[in-house]
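A.B. asks: Residue-level listing of the chains:
Number of protein chains: 2
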Amino acid sequence: MRDFVPPQAELRRRVANRILDTYAGYGFELIETPALEDLDVLQGSQGGENEKLIFKVLRRGARLEEEAARGGELADTGLRFDLTVPLARFVANHLNELPMPLKVSHVAPVWRGERPARGRFREFLQCDIDIVGEPSVAAEVELCGATLDALGNIGLHDCYIKLNDRRLLRAMVEKYLGPLEDAAPVYVALDKLDKSSASAVAEELSAYDQAGVGALLAHLDEAELSDGPPEVVADLRKTLEQLGRHARYEPALVRGMGYYTGQIFEIWRPDLPYSLGGGGRYDGMTVRFGGPDLPMCGFSIGFERVCDLVDMATFDAGDRKVAVTCAGEDELLRCLAVARARRQSEGAGAVYSIVRRARNVRKQREDLERLGYAEVLEGKDFE
Amino acid sequence: MRDFVPPQAELRRRVANRILDTYAGYGFELIETPALEDLDVLQGSQGGENEKLIFKVLRRGARLEEEAARGGELADTGLRFDLTVPLARFVANHLNELPMPLKVSHVAPVWRGERPARGRFREFLQCDIDIVGEPSVAAEVELCGATLDALGNIGLHDCYIKLNDRRLLRAMVEKYLGPLEDAAPVYVALDKLDKSSASAVAEELSAYDQAGVGALLAHLDEAELSDGPPEVVADLRKTLEQLGRHARYEPALVRGMGYYTGQIFEIWRPDLPYSLGGGGRYDGMTVRFGGPDLPMCGFSIGFERVCDLVDMATFDAGDRKVAVTCAGEDELLRCLAVARARRQSEGAGAVYSIVRRARNVRKQREDLERLGYAEVLEGKDFE
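Chains as they are written, first to last, in this note's numbering: chain A, 1 to 383; chain B, 1001 to 1383.
Possibly wrong hints are sitting among the right ones.
[Said to hold, decoys possible] EDC-like mimics (lysine to aspartate or glutamate), calculated; alpha carbons at most 20 Å apart, straight line:
1. A/321 with B/1021
2. B/1162 with B/1250
3. A/238 with B/1329
4. B/1052 with A/76
5. A/52 with B/1076
[Unchecked claim] Far from chain A, by Cβ distances over 10 Å, these chain B residues were calculated:
6. 1174
7. 1177
8. 1275
9. 1377
Just so you know, these hints were derived from the structure itself, not from any lab. The model shown is predicted, which means the values in this text are computed figures rather than measured ones. Beta carbons: idealized from backbone N, C-alpha and C, even for Gly.
With these hints in hand, go ahead and build the complete structure from the sequences.
C.D. replies: Quick look at the structure:
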């Protein structure tokens, strides 16, 4: 987990606001859900590997030692590992207060107990949009278009969508490996195709017919959309056509979560070896929470990755930032009053920072310049 | 803990942004810290009652049943209960990367395992500013002024500051009750003076000399600033003078936390029976985390209370919101393309929401109007 020193956190705020403003232009309405959810909500959500990474919160008030000795539960809530499962719970809980179809945005931290590694964090922000109640690919088309726009508006142009469909993937897996009770282990292996070699993936699939595995991998290596259930292929064609040059079919795209039921997608930039976000259709997740069987589809931006790529200049509000360094209490109090009057008369965007002069004047000036203060005055000159 | 349905969450975003923009105008730089801190950081922080309310997170990977049987620790991290203790840890950790004096803003959720009660939440947002490295009342004056401005800018005018000093309070307590090893129990009782009667508070202080308690309570009921250590009285006078009609001395103001070392304050609106925020000076908290003994002072806005009072109209960006309801997939796809082109040509503030027409057309129209859509068109009329 990380701290963000200035000016990083301000940049993050501006990036999040720019993304949310883009989504607001599409009519996505912001929602908030709590960080802690009942473990019943988080577990059994087909969240794949992420369910193993839940941070569980100790029950309050219980005699925990006795509880543990009796084999009782030490925890009944946990920190959310994504925003999709909480959204399904939210929709089921508030059905009567919500418009339907519903278009929502949701920006909040999530937590996963991953082993620490470069670029992996245990707390990170997710930035999601979801459409509830739209059965057709109009949902996929709007989610992908809005996400392309959002990234474009923060200066990340030339992104494109990789598109696949879980139903097509399943059909292909079964065509080559025969009917499967549980396709999840195959998906887990195929998901590694963008990082591992085909032979390493084939090895992981050694429990299956090797000729079939070879044919499956050869098929997934082709970019032709032809084979497969006709209505699934037709829907994929429709999404691809609407997104034009910004999307392409990617037969080996898998996505980790078990809950996807239809089209799945990721957003990539040609020069980067990782995606900047992903999502898909997960119809019916509300049923687990006592809600009706609703069509659901969502897209999540990997906020941390995106923030590493943006340029502060894209978010410069053009503020005139003036710092005033003062010799002591009396000068500070006088300058504070002057600054307050100036802000009131000059209005939004006027930044006056009054601080005591540090012993190391040069370091202080450098620090202030790094924070965007083009002007650094002495208190005696500020009137 | 709560969900926020539309349009509540959007209002919260706008309120938080308006407050942060105000603080940015004063040169407060935004920081972020993680939700989970080591329990060593949170515990023993003189956080008063709040330390008992920490949500602890189960250690990962440990064999917890065995651990519990051996009397080992089940948890080594917890969710923060305020933003002040994490800030002190942050300053000690990043001293070399930060300007000094340092002025920061910090907006984030905190968690307390309170018993559920009306208006009390287990997860709530805090909105803090702090000045590190300023020993004089220039810190108090700027924090109070900026907070008055921030609330004014979200439409909460006529707020005022209640001001006291922990050193003065201590001097008064010892004048009437004699020297005390631990004044905390007296503070806890006095803190209830704004909710309970003086006789109930006197009863809670029955372990002390009753004549002294009576004299102490009589003293705290007077609003005259005269008695007390001269330099403390002089500093209080300075803060009061700088804030003018926006502040007044409140001898019975206590604040719950044990960590305050100097002036303490709350912000009130005359028509409300509770404060909208509070803070004070807590010099030296960095020492616990291996940092130098720095002057520190902060002010925290009670974001949830503030949000209950604001008027959406104050935050209306003047967007023209158009909703288009469509009969089916083909109409949806056509309108999505039209809307995308319109947003691009009309720029920021243009909101077009394309949705499938609901079976209950009237309810859908009402829902959309409630969300601010002045225009609701049919897809066939949208070109």
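A.B. asks: Which of the stated hints cannot be reconciled with the structure, identified by number in ascending sequence?
C.D. replies: none
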